[in-house]
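Let's have the full structure, built from the sequences with the hints guiding it.
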Amino acid sequence: MRLSAMLLAAGCSARVPPTPPDPLEVQRERASLPGREQSLELCRLATMELAAGNADRAEGALRQAVPRMMSVTADGEFAALLGAEDRKEWKGEPYEKMAAYHLLGSLLLASGDTDNALAMGKSAVLADTGFRWEGFSSDFAAGLLLQALAFAAEGEASNADAALERAVDAVWQRTLVPLLSDALLAFEVEGNDGETAAARALLLAGLSAGVSSSPRDPAEAVRGALSRATDLRAALLDPGPPPPGTEGIATGAARRALDGMGRLGQRWTEAAEALPPEALQPARATERALRDALGGRKLVVWVAAGRGPRKAQQGRYGEQLVIVPGRPGRPALELDGTPMDVVLVDDMGWQATTRGARRVDAFNRGKAVFKDTATALGIGLVVAGDVLADTARTQGDSTAGGVLQLVGAVLWIAGAVANPQADVRAWEGVPGGLWLAVADPPPGPHRIEARGRAWDVDVPERGTAFALVPLGPQEEP
Amino acid sequence: MRIALGLLIGMTGCAHRAKYVDPDAVSKVEGTGLEARDLRAVAGEMTVQLLGSPAVAAHEGPARVAILPIENRTRFLIDPEIVGTLVSDQVINGGGGRIAVVNRDLLDEILAERERLRTGAVEGGPVGALAGVDIFLEGEMRGLAASDARNQSDYLVVRFQLTDVRSGIVSWSNSWEVKKEGGWSVLYQ
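Top line first, the protein sequences correspond to chains A and B. One point on numbering: in the working numbering, the residue at position 332 of the first sequence is 1781, and numbering is uninterrupted. One point on numbering: in the working numbering, the residue at position 155 of the second sequence is 163, and numbering is uninterrupted.
A couple of the hints might just be wrong.
To give an idea of the interface, some chain A residues facing chain B are shown, with a C-beta separation under 8 Å as derived from the structure [to be verified]:
| # | residue |
| --- | --- |
| 1 | 1517 |
| 2 | 1521 |
| 3 | 1575 |
Okay, derived cross-link-like pairs now, SDA-like style, lysine to any residue, Cα gap no bigger than 20 Å in a straight line [stated by the list, open to error]:
| # | chain 1 | residue 1 | chain 2 | residue 2 |
| --- | --- | --- | --- | --- |
| 4 | B | 36 | A | 1783 |
| 5 | B | 27 | A | 1602 |
| 6 | B | 188 | B | 144 |
| 7 | A | 1747 | A | 1783 |
| 8 | B | 36 | A | 1707 |
| 9 | B | 36 | A | 1522 |
| 10 | B | 188 | B | 66 |
| 11 | B | 36 | A | 1521 |
| 12 | B | 187 | A | 1516 |
| 13 | B | 187 | A | 1522 |
| 14 | A | 1747 | A | 1895 |
| 15 | B | 36 | A | 1513 |
| 16 | B | 188 | B | 81 |
| 17 | B | 188 | A | 1521 |
| 18 | B | 36 | A | 1485 |
| 19 | B | 187 | B | 27 |
| 20 | B | 27 | A | 1513 |
| 21 | B | 27 | A | 1481 |
| 22 | B | 36 | A | 1895 |
| 23 | B | 27 | A | 1747 |
| 24 | B | 187 | A | 1520 |
| 25 | B | 36 | A | 1747 |
| 26 | B | 27 | A | 1762 |
| 27 | B | 187 | A | 1521 |
Among the chain B residues that face chain A by a calculated CB cut under 8 Å, a handful are [claimed, not checked]:
| # | residue |
| --- | --- |
| 28 | 36 |
| 29 | 38 |
| 30 | 83 |
| 31 | 85 |
| 32 | 88 |
| 33 | 155 |
It should be emphasised that the hints constitute simulated quantities derived from the structure, not laboratory data. From the three backbone atoms N, C-alpha and C, an ideal C-beta is built for every residue, glycine too.
Structure, rendered in structure tokens:
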């Protein structure tokens, strides 16, 4: 008893514990320090500033980070070549760049700097494209819509309309590519399995071109894919290097693949015409929302919600970068107490796993993830390899598919092989999804609410008010 | 030991100190967009061309020029006002009086002060008409970008033009262009 009393007395005389530092101040300090992770710390700071309601400070942080992320010069490259990859200066994977550029562009648009908002929309799309030389278009609809909104704010209606149509194309493109890819893989046709596999690989290699030329018409996209596949086959049979996406397909199999392409093409066209309406419904809803946003509405709200993609190391030496998609979430938003309709414009998990030069995630899943750039090196090979390997395995011979997969994998992880461990430093503030809400409230002050938080917005007499609602990944269950 | 430790701390401390560099020097953070030296080169060349243009040379007395906001249509974050400011400085200070820059940014303040002068609220005497504008100077930056996983290329054009306010005719125009290519190292591909 006496001992307890003494301890209690001693406790009472103890020092008052120091006040824990303000996390925002700590992050501001970290982001101010030069170093190979300064861009990452600035992006993290932007996330925290937005969460604290400091849009101006978030914009300032991103204004510092973005030029570094765009720069082609970097510190620490030699050290990273010799050691762990994370010793290089952090610039972000393509999906992180897209998120940073889009976020900054949205903030700039809301603050009236439409010139630079437009610039960020263009950069976001370019970061996604990657293979523009080959003529493949970006499917980052959020970046294209940002361009359209900036053009509209500048009074350039024709440019705004053109950007909007590209955004709509992007939505349909990324909807159709996986649907048609799955459709082609779902049925069997009569004929030699090896030749059919080669035919299927050629058709898949042509899919991106077909969808790019007719992104809103599944059957026409398949016909375009067939046409492109025919061209690819002819190019493959010509002397010289094989066209991108067809490396590893044996010339003999390609020569005999024409009949198989015809049979597959017919079934594929039928399947495209019979795509279930519910599979196309999300794209239709997104298209309506995009057109609504450009239709002279008074309020356009970007909502960044959901859990963003995550990076992980994989492989014997942790040499492979694996990007694990997050979840776009579904935000519930109210404008002055009335629920708003929100539509998903972009799933950043999709963007993260299908873009950039290291699409190791698709490889590791062992299943074709196929989209617009699929005929470019790497992914096209692995997709084709999957098809051949799956077919050949049933015959007890997986050599052809194995070679294709191996070549594709080598291309994919060429950078990672030189470095013992893949760089998994990540900006955790990338949202899982970019959502859009539009409304026509009367001019004056209004309040947007979500998850117990509020954002005030002033709707002008003329023109459109833009708002950004950052719900943050940490708030997703 | 203490001296060595002190030296080490001192060296570490020095590493993060900011330093002055030549605005035309190659920066540690460079992309394929417009850098400081590009903007300075644009402003310098455009000023020389502008001062030597027939539209300005043929003008009786100083040509009264209003510099309009310069548009950025590139994919890069740029403060376009930098170029406008540099051009304005150079034509005022190095133009030998051939160009008079009309300031419309302060129009509200100027009108308010003129009203105070007119009513005698402040001393300064009678006021005449404000200077009109003979020529509008417009500028825009445009770009064409292409990239793949390894390379980045940007073609950038900065264009200026003079429009005569009386005729509406573009009396002079000139472009400054540059193409830059950069490669991502294997670590960033």
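Consistency of the hints with the structure:
1. 1517: It holds, given that the least Cβ distance between residue 1517 of chain A and chain B is near 5 Å, below 8 Å.
2. 1521: 3 Å, holds
3. 1575: 5 Å, holds
4. B:36 - A:1783: 46 Å, violated
5. B:27 - A:1602: 40 Å, violated
6. B:188 - B:144: Not satisfied, since the Cα-Cα distance of roughly 31 Å exceeds 20 Å.
7. A:1747 - A:1783: 16 Å, holds
8. B:36 - A:1707: The given pair, whose Cα atoms are some 54 Å apart, is violated under the 20 Å limit.
9. B:36 - A:1522: Distance ~7 Å between residue 36 of chain B and residue 1522 of chain A Cα, so the pair holds.
10. B:188 - B:66: The hint is violated at about 37 Å.
11. B:36 - A:1521: 10 Å, holds
12. B:187 - A:1516: 18 Å, holds
13. B:187 - A:1522: Holds: residue 187 of chain B and residue 1522 of chain A sit about 17 Å apart, inside 20 Å.
14. A:1747 - A:1895: This hinted pair holds, its Cα atoms lying about 12 Å apart.
15. B:36 - A:1513: 14 Å, holds
16. B:188 - B:81: 17 Å, holds
17. B:188 - A:1521: With Cα atoms ~11 Å apart, residue 188 of chain B and residue 1521 of chain A stay inside 20 Å; holds.
18. B:36 - A:1485: 12 Å, holds
19. B:187 - B:27: Not OK: residue 187 of chain B and residue 27 of chain B at ~29 Å, beyond 20 Å, violated.
20. B:27 - A:1513: The given pair, whose Cα atoms are some 18 Å apart, holds under the 20 Å limit.
21. B:27 - A:1481: Roughly 16 Å separates the two Cα atoms, so the pair holds.
22. B:36 - A:1895: 45 Å, violated
23. B:27 - A:1747: Given that 20 Å is the threshold and the Cα spacing comes to 47 Å, the pair is violated.
24. B:187 - A:1520: 15 Å, holds
25. B:36 - A:1747: The given pair, whose Cα atoms are some 43 Å apart, is violated under the 20 Å limit.
26. B:27 - A:1762: Roughly 39 Å separates the two Cα atoms, so the pair is violated.
27. B:187 - A:1521: Holds, at roughly 15 Å.
28. 36: 6 Å, holds
29. 38: The hint holds - residue 38 of chain B has a Cβ within 8 Å of chain A, the shortest such distance being about 5 Å.
30. 83: 4 Å, holds
31. 85: 5 Å, holds
32. 88: 7 Å, holds
33. 155: 6 Å, holds
Violated hints, in rising order: 4, 5, 6, 8, 10, 19, 22, 23, 25, 26; the structure is consistent with all others.
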